[in-house]
Amino acid sequence: MIPEIGVFSLVLALLVALVQGTLPLAGAHWGVAGWVRLARPAALGQFVFAAMAFACLAWSFLDNDFSVLYVASNSHAELPAAYRFAAVWGGHEGSMLLWLCLLTAWALAVALFSRQLPDAYVARVLAVMAWLGVGFLLFLLFLSNPFTRLMPPALEGRDLNPLLQDPGMVVHPPILYMGYVGFSVAFAFAIAALLSGELNAAWARWSRPWTVAAWMFLTLGILLGSAWAYYVLGWGGWWFWDPVENASFMPWLVGTALIHSLAVTEKRGAFRSWTVLLAICTFSLSLLGTFLVRSGVLTSVHAFAVDPGRGLFILAFMVAVVGGSLLLFGWRAPRIGLGGRFSVLSRESLLLANNVVLTVAAMAVLIGTLYPLALDVLAGQKISVGPPYFEAVFVPIMVPAIFLMGVGPVARWKQAPLPELARRLRWALAASGAAALLLPLTLPAGPRGWSALSTFALLLAGWAVASAATHAWQRFRGAPGGWLDRARRQPRGWYGMLVAHAGIGVFIFGATMANGFDSRQELKLQAGESTALAGFAFRFDGVAPVSGPNFDAQRATVRVTRKGEAVATLHPEKRIYRARQMALSQAAIDVGLTRDLFVALGDPAGDEAWTLRIHVKPFMAWIWAGCLLMALGGLLAATDRRYRLDLAARPAAVVGGATATLRPQEGA
Amino acid sequence: MKPRQRRIAIISVGLLAFGLAAALVINALRSNLVFFFSPSQVAADAAPRNGAFRIGGLVETGSVRRASDGLTVRFVVTDLAQRVPVSYRGLLPDLFREGKGVVVAGRLQPDGSFEANQVLAKHDENYMPPEAAAALEQARQSHTAPTLEAPP
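Chains as they are written, first to last, in this note's numbering: chain L, 1 to 668; chain Z, 1 to 152.
The reader is advised that the hints may include incorrect statements.
Not everything, but these chain L residues come out facing chain Z in the computed CB check (under 10 Å) [claimed, not checked]:
id	residue
1	L163
2	S349
3	A353
4	P372
5	K382
6	L601
7	R613
Cβ-Cβ distance ranges computed for the label pairs, FRET-style [said to hold, decoys possible]:
id	chain 1	residue 1	chain 2	residue 2	range
8	L	E522	Z	S113	12 to 22 Å
9	Z	S31	L	L44	48 to 58 Å
10	Z	G19	L	P387	38 to 48 Å
11	L	W473	Z	K2	35 to 45 Å
Hint data in this document are derived by calculation from the structure and do not stem from the laboratory. Each residue gets a CB set at the ideal place from its N, CA and C atoms; glycine is no exception.
Starting from the given sequences, assemble the full structure and let the hints guide the process.
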């Protein structure tokens, strides 16, 4: 009964979405106020129905309803309740339902928190999001129905894939999808602006907090996925340039370019068409990511549904969305006009250079991700493009962006003379140079020693932090009332920028040290035997059998000491999940400020002996800290006071150059 | 500088940067592509003798042998038509099992065996990497497939 209610809810959601996609749009075009006012309640209705469908599926999981095929394939009676809930998005159909629910949730948020925007504009935004919902609802109802029945019902489910039975599964997909789907808001804002013909600085101000919030969620989602892979996959790696990882990274790169471009459009009215194009590209990359993950064309630890029919639908959907929006852009953009002029060296030009670099980096990653696919389709030759390509391409391209990141905030709008820039930044330059020269002397060298590349990376990391600090210092001093008073008066968004930029420096430092200076060993140890690595002694004390709710395991004890002092006791496990008879190695990690100790069990190797993998990764936690700082910076920027003020009381901002609007053709 | 001249300057700098990036990408692609061959192709001498490449197929049942040092493991990758012996030193991924799909990366040795430096982990025990599936399909279409068991 409940699954049928779920299907019915989806049908109702589809009907509401069709209404939401047509009437408000027509109403905005012809000025029918009643139709325009339908948009917000329709968004609420669509959310309610989607949430009901999700609740029905969740109930089926929690209630162990194995007459639903999807539940029987992904759950098990002995599965702990939290994982039974997370299993809702453990397979293809459920994760599509999650996508849809989050889409309706974002649309509802736009409907609720945009009172200060013109009704007609919000109507168009919600209509665009409704059409996206229509696409996903059609896909769900006809090609990936999570409520399909299994007759006769299974006695027991197939269990959730043990790789997914982890707290990471509870948080990573929802937060990542919040980011992916959140960029649909930026996309909808851009399309609505193109449709209405209004594209001014006020549009950028409306768009910005939503885009930054989506970017923040995407940052967190990628961080969670990376951390999860680090401790579940058992190899000590945290980024594999896997096609699905790239699928989330590309929207992040272009999304970063977008939030910086929005800053220019808001402050100076420049880059309008470029910003709109970036918004379209970011969401297109989100959709592309969906296609890559779900079509079975890629070899990946993530690859979901191996079903070409589904892939075809998503491809058609993507072509419709991207093609349609680019057509609209091509038709409308030429009349958007130019913004304020700026000289060759100014904050605008630096941000433009930053955008170009980020976009080129995203394209390089895209080429590496799609090339095997293209070659397979065109030439039948199967190849793979591994991490060496991405590292060889991505790192050199990003170096100018990191450098520019320090210069941009210090440069003035419209014109930033070079001598002034040099004068403002000379201390930051000196500090980063000193860091690059002195830190190698104090930090442990690791098995491969220091290289020019590592030193240069340290220089960049130091530059990111030092330039942010210098900028803050220059902003604070000099005013009467002391620096504390000045500090309090800075807008929250400015702090967000500082924190995020410094976070990038922290991340670069962590990544350089953890990748370049990690030590590893794979070896066979007898119970009682010890091995030494990077100054630590690891003693293997044998294994003992333990049982969990749905698995049986061998649990090892490994004592770690340093110079005789006890440092940590680690318990890696080798689990056999009963339902699928599948083995999984659960690594044990001791997280420290300056290093991570990582131990994973391999296989038994004779009596009382096992193979083990041991890593010592310096400064690994700084990678996560850097990403968290970036997300925090995004949160600060998105909640800046100026976005929460009632803008209806103020006229649309006219900043710098002309507020160019398209010739008014329909009701604004 | 007039706006039009400035436009041209910005565009040319952009194109130059783009060209540099393109050169970087093409160069990196050329030196970092890893090709995939099926065991039948390797047996027919179609695989490079001196480069790194990948082989995929099924792990032949009964062919997995561990050496006494605990770390080195030997097994056979087959596409049900031809078989290639593989040796790998290191911890195998959790989902590695006899009779299941696998993709290994490494180099061909002079004696015809394959020395792997990477064994690709799979998604779940029913998942077969597309390349392995394609190799099996190809072999099935061009030969009559013998059984999966190791020869006596």
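Non-conforming hints, listed in increasing numerical order: Structure breaks hint 10 only.
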